[in-house]
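> In the order they appear, the protein sequences are chains A and B.
Each position in the first sequence, counted from 1, maps to that position plus 1 in this note's numbering.
Each position in the second sequence, counted from 1, maps to that position plus 6 in this note's numbering.
Watch out, some of these pointers could steer you wrong.
[Claimed, not checked] Cross-link-like lysine to any residue pairs, in silico, SDA-like; alpha carbons within 20 Å at most: (1) B:Lys292 - B:Lys267; (2) B:Lys228 - A:Leu116; (3) B:Lys267 - A:Asp122; (4) B:Lys267 - A:Met64; (5) B:Lys228 - A:Asp139; (6) B:Lys267 - A:Leu116; (7) B:Lys267 - A:Ile263; (8) B:Lys228 - A:Ile263.
[Unchecked claim] Residues from chain B shown here face chain A by an in silico Cβ test under 8 Å; the list is partial: (9) Gly213; (10) Ser218; (11) Met248.
[Said to hold, decoys possible] FRET-style restraints, in silico, Cβ to Cβ: (12) A:Leu116 - B:Glu365: 36 to 46 Å; (13) B:Val299 - A:Asn189: 51 to 61 Å; (14) B:Asp374 - A:Gln60: 16 to 26 Å; (15) B:Asp36 - A:Pro66: 57 to 67 Å; (16) A:Met273 - B:Asp374: 35 to 45 Å; (17) A:Glu97 - B:Arg175: 53 to 63 Å; (18) B:Asn76 - A:Leu114: 38 to 48 Å; (19) A:Pro66 - B:Gln322: 54 to 64 Å; (20) A:Pro63 - B:Gln322: 49 to 59 Å.
Hint data in this document are derived by calculation from the structure and do not stem from the laboratory.
We put the beta carbon where it would ideally sit given N, CA and C, even for glycine.
As a plain string of letters, each chain reads:
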Amino acid sequence: MSPDLLFQSVLTGLTNGFVYGLIGLGIASIFRGTRIINAMQGDFALIGGITAVLLLERQGWPMLPAFVAAVLIGGAAGWLLEVLLVRPLRRRGGTEDSYLLLTLGCAFAVSALVLYFVGRDSHALPGIGGEGIVVIADAAMRIHALWLIAISLAVMLTLRLFYSRTSLGLSMMAAALDPQGALTTGINVPLMRTLTFALGGLVGGLAGILVGPLITVYFDMGLLLTLKGFAAAILGGLANPMGAIVGGVTLGLLESIAIVTISSGYKDVIAMVILIIIMIVMPNGLLGRRTRKGG
Amino acid sequence: MKQSLRRRMFLPLLLLPLFAGIPACEQADDQPVKVGAVLSLTGPGAGLGGPERNGILLAQKLINERGGINGRPLEVIIEDDGSKADIAKSKAEGLIHGENVVALLGPSLTASTGAAASVTNRIGMPQLCMTGLGPEIELSYKSLFHMLPPQSLNARAMLEYLSKGLNVRQLGVLYDSGYGQLVMTHIENHAGDYGINIVAAEKFEVGATDVSTQAAKVRAAKPEVVGIIATSPVPFRNARQMRITQPIVSAVGSSSYEYVKGMGEFADDIVFPEFIVSEDPLPHQKEFVDLFVKEYGTLPKTYDAAGWDATHVIAQALSEVGPDAGSEAIAEAIRANRYRGVIASFNFAAPDMTGIELESYTYSKLVDGNYTRLPFTAK
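Put together the whole structure using the sequences plus the hints.
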């Protein structure tokens with residue numbers, strides 16, 4: 002194996018890792034704010050991605066407004082999910098299992114709706130920087146992938162600051178950790194939960210427009226993304242958005258290096274074995290302890 | 007006397023059903039001839055089942071416009087197996103025993119085909135599946151006929167072009183764990199016959215969202231040509247993004263407008279051994295292409311044509327022996343016919359139960375996102 006190939010695998014692993022991490026970031030954000038594992042986070046990305054496709058291809062919108070609208074539609078989807086489905090379920094005493102089932106069902110429904118109304122075609126979204134690549138030591142990386150990494154890091158840091166420095170973020174955290182206590186201090190707990198889902202939807206919509214140029218947008222992409230994002234979030238420490246990025250990058254690098262060092266056929270086996278070992282040694286995830294300290 | 011009068015009065019009433027029977031018989035002759043179809047309209051195989059349904063419905067429409075089956079309309083009852091073999095089996099049973107269909111079309115996937123064939127084989131019912139020859143047990147099913155070639159033939163069609171069309175010897179392959187694996191097994195078996203050396207073979211799971219690392223590994227092996235066999239546009243994109251500049255040769259199952267759309271600007275310099283280039287149809291394909299475009303507003307590909315051909319094959323057999331001739335006679339008529347279809351010339355009495363020859367393949371090349379016919383013929 003040449004150093005060039007190894008370096009290429011690192012660049013590819015980083016790109017894939019940030020894709021997983023971006024989805025994991027949304028899962029972690031919603032879990033942090035509501036203690037609900039959202040199995041339709043990947044479908045928020047589908048909603049964002051397909052919105053961008055429709056606005057660009059069918060409505061002829063320019064790229065920037067289309068992308069902004071796609072992110073907002075993702076946020077609106079999160080808001081609607083909480084108001085129309087999660088909140089009524091909570092009123093009827095929904096458990097963790099029922100929330101998981103609810104969001105899983107929604108994921109299938111979104112996929113089916115996109116299939117019915119948009120069709121089964123794969124759509125290639127335009128990337129930031131087009132299809133241009135940068136070549137570093139004979140290894141190639143798309144310019145768009147660099148933007149994806151930069152934006153993911155920016156979102157991660159923004160969320161960190163949001164949760165620790167803003168009154169709204171702190172209120173959302175309080176509503177998640179101690180709803181009764183939060184209510185007594187005047188925090189509108191239901192609104193905080195709705196905003197948490199809307200935030201998760203925004204992150205998902207952003208993931209859609211960032212991931213779309215790399216993997217194309219198609220009707221059943223959501224669940225695939227959710228699975229990888231979920232693995233990233235668990236690995237990093239489920240309630241820590243920063244952990245999701247770290248987990249995603251770890252997973253992406255493990256997969257990529259397994260392909261070049263051993264065999265592409267055993268990529269998932271190798272990656273998952275290492276993940277299991279990490280989870281046994283660090284059951285709260287790579288950044289799990291820090292999450293607890295942070296509350 | 008009273009009794010006699012009553013008899014006289016009631017006699018016509020008693021005879022009424024007999025007379026009523028005459029128009030009833032005539033009505034039976036107008037009853038549609040029912041053919042069942044089990045297709046993958048949802049799930050992972052939906053990319054196959056959807057086009058197959060389009061081809062079937064178009065053929066049904068044309069056949070009925072031209073008089074149906076000996077004057078009776080043809081009715082194809084289509085069921086969705088959700089790309090699952092167990093559902094395919096139960097849907098086939100429902101069509102056979104519930105709807106009393108005289109033949110079965112489909113399924114779309116190999117596993118589902120085997121499951122449905124276990125039902126049709128018991129009663130000798132003709133089944134025209136949309137797959138190539140699958141597991142060896144299918145050879146024992148005497149009423150199962152294939153509308154597509156076996157994967158060994160698809161592999162040989164690729165190798166023919168590599169060795170005789172491109173005159174290359176060093177091959178790198180990117181293939182998925184489903185369709186790709188099936189074809190790849192036969193490429194490995196036949197590569198030596200064509201003097202082809204496989205310098206890199208990288209597998210990825212079906213539905214993988216990124217195979218850049220595998221593509222980089224293939225590139226590092228410096229092949230003269232790269233084969234990509236997958237049911238997704240992702241590996242084609244990734245190969246070009248990883249600066250694989252060599253020609254790409256793919257397989258028939260990877261050729262679809264849906265994938266070309268997903269490839270975006272990378273849909274260029276990719277060759278497919280396939281059966282129909284709708285942009286430039288052969289004379290015997292033109293009617294189908296024209297009707298398809300008129301009906302659906304899009305160009306058809308192989309799986310649309312498979313549905314069309316299967317419907318015509320069964321309609322021809324039913325017209326010859328009559329829809330009530332029984333399964334054995336209908337299956338025998340299918341075996342006896344040599345059907346010139348849109349896809350190929352079929353000989354269902356052949357050992358692979360399809361009889362498609364290498365000469366039936368046509369070679370297309372994507373140039374700036376458009377299919378163009380290549381002047382290459384496999385022999």
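> The structure should be examined with respect to each hint, and the outcome stated for every one.
Hint check:
Between the alpha carbons of Lys292 of chain B and Lys267 of chain B the distance comes to roughly 24 Å, so the proposed pair goes past 20 Å and is violated. Note on Lys228 of chain B and Leu116 of chain A: the hinted pairing is violated, with a Cα-Cα distance of about 39 Å set against a maximum of 20 Å. A hinted pair counts as satisfied when its Cα atoms are at most 20 Å apart, and Lys267 of chain B with Asp122 of chain A qualifies at roughly 7 Å. Distance hint between Lys267 of chain B and Met64 of chain A is fulfilled; the C-alpha atoms sit about 19 Å from each other, no more than 20 Å.
Using a Cα cut-off of 20 Å, the hinted pair Lys228 of chain B and Asp139 of chain A holds, with the two alpha carbons roughly 14 Å apart. Between Lys267 of chain B and Leu116 of chain A the CA atoms are separated by roughly 16 Å; this keeps the pair inside 20 Å, and the hint holds. Under the criterion of a C-alpha separation no larger than 20 Å, the hint pairing Lys267 of chain B with Ile263 of chain A is inconsistent with the structure, at around 33 Å. The suggested pairing of Lys228 of chain B with Ile263 of chain A holds, with an alpha-carbon distance near 19 Å, which does not exceed 20 Å.
Annotation: Gly213 of chain B was flagged as interfacial toward chain A, and the flag holds, the nearest CB pair being 6 Å apart, inside 8 Å. Hint on Ser218 of chain B holds. Least Cβ distance to chain A is approximately 4 Å, under the 8 Å limit. For Met248 of chain B, the suggested interface contact is upheld, since its CB lies about 6 Å from the closest CB of chain A, less than 8 Å. The hinted range of 36 to 46 Å is satisfied by Leu116 of chain A and Glu365 of chain B, whose Cβ atoms lie roughly 38 Å apart.
Judged by the Cβ atoms, the range 51 to 61 Å given for Val299 of chain B and Asn189 of chain A holds: they are separated by roughly 58 Å. For Asp374 of chain B and Gln60 of chain A, the Cβ-Cβ distance of about 25 Å falls inside the hinted range of 16 to 26 Å, so the restraint holds. Distance hint check for Asp36 of chain B and Pro66 of chain A: the Cβ-Cβ separation is about 59 Å, which falls inside the suggested range of 57 to 67 Å. In this structure the supplied range 35 to 45 Å holds for Met273 of chain A paired with Asp374 of chain B, their Cβ-Cβ distance being about 41 Å.
Between Glu97 of chain A and Arg175 of chain B the beta carbons are some 59 Å apart, a value that agrees with the proposed interval 53 to 63 Å. Asn76 of chain B and Leu114 of chain A have their C-beta atoms about 44 Å apart, which keeps the hinted 38 to 48 Å range intact. A beta carbon spacing of about 56 Å between Pro66 of chain A and Gln322 of chain B agrees with the range 54 to 64 Å that was offered as a hint. At about 54 Å, the beta-carbon gap between Pro63 of chain A and Gln322 of chain B stays in the expected band of 49 to 59 Å.
Checked against the numbered hints above, the structure breaks hints 1, 2, 7 and satisfies the rest.
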